[in-house]
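Enquirer: One letter stands for each residue in the lines below.
2 protein chains.
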Amino acid sequence: MARYYEDLGVGDVIDYGEYTTDKGEMIDFASRWDPRPFHVDEAFAADTLYGQLTASGVHTMAMFIRICNRATADWQVRGALGYEELRFPTAVLAGDVLHGRTTVIAKRLSKSRPEYGIVTTHETMTNQHGATVLDFKVSVLMERRPDPKS
Amino acid sequence: MARYYEDLGVGDVIDYGEYTTDKGEMIDFASRWDPRPFHVDEAFAADTLYGQLTASGVHTMAMFIRICNRATADWQVRGALGYEELRFPTAVLAGDVLHGRTTVIAKRLSKSRPEYGIVTTHETMTNQHGATVLDFKVSVLMERRPDPKS
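Protein sequences, first through last, are from chains W and L. Mapping of the first sequence onto my numbering: position 15 corresponds to residue 15, and the numbering continues sequentially without gaps. Mapping of the second sequence onto my numbering: position 49 corresponds to residue 199, and the numbering continues sequentially without gaps.
Treat the hints as calculated values from the structure; they're not laboratory data. For each residue, glycine too, the CB sits at the ideal point set by N, CA and C. Please note that a few of the clues may not be correct.
In silico EDC-like cross-links for lysine to aspartate or glutamate, where the CA-CA straight-line distance does not exceed 16 Å [as the list claims (entries may be wrong)]: (1) W/Lys137 to L/Glu156; (2) L/Lys287 to W/Glu42; (3) L/Lys287 to W/Glu84; (4) W/Lys107 to W/Asp12; (5) L/Lys257 to L/Asp157; (6) L/Lys173 to L/Asp184; (7) L/Lys257 to L/Glu156; (8) L/Lys287 to L/Asp162; (9) L/Lys287 to L/Asp224; (10) W/Lys111 to W/Glu143; (11) L/Lys261 to L/Glu293; (12) W/Lys137 to L/Glu234.
Just so you have them, the derived chain L footprint on chain W, three or more residues with Cβ under 8 Å [to be verified]: (13) 6-15; (14) 29-41; (15) 83-90.
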């Protein structure tokens, strides 16, 4: 069922579910897009602070977007206006069970296009120890619920 | 040659070079990570504002990180502290020739760890028409040049 601007309220929390990381996937992704030694070279990574490979930040974003899309497929979002305070506070490791969620922190009608609403959310992903691995705020343009009389 | 905190000055511009987008790669990436119809379904995309598929924002970030890494492999960066004002002002289309660059906008020593410096940059990527497709600021932790006397 389509969800419109009117269907989200400040304080609402939406659960995106889980994503389990995989070492092979981490290496494949980073080899293609972010081939720094601590993402792709196990021998190098063994000597770092973590003692093992860490996921690329872009891969962490990709995993998050994957579970976010699955959970919000029925949201009538027409575009992202901007992302703020994007952080990767804790390294993502192979075998981590990541859990994404979002909280609605603000909403208002668009001034220039009042047929749309602007919803601001606080998006986070935590690992199996409760540590935050991804944290940002985003404002998106959402369609308003069609007038049943029109 | 390794580049340290001392080697970057406010106002410096670093060119990351180019990345040419590919429709098959756009569909492959989005199918895996961001399978919304305007990224993966050509028939659907034909009826949108752009009349064709657009690249996923995560894919756009990945392409940028790829050329950034290639150009900054010798920078002694030890981590990203945070990203601000991340925007995707123009859609990325198949066949676009994207051009990345960064400008150093601030630098200071870390207060808590003065053996590191913090460098803030303004990162942008434009298409072949000069329109900005990606824009953000990031602060990174950089190693200071080792003391030759120590």
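Enquirer: For each hint given before, does the structure comply? Return the numbers of the non-compliant ones in rising order.
Expert: Hints 1, 2, 9 and 13 not satisfied by this model.
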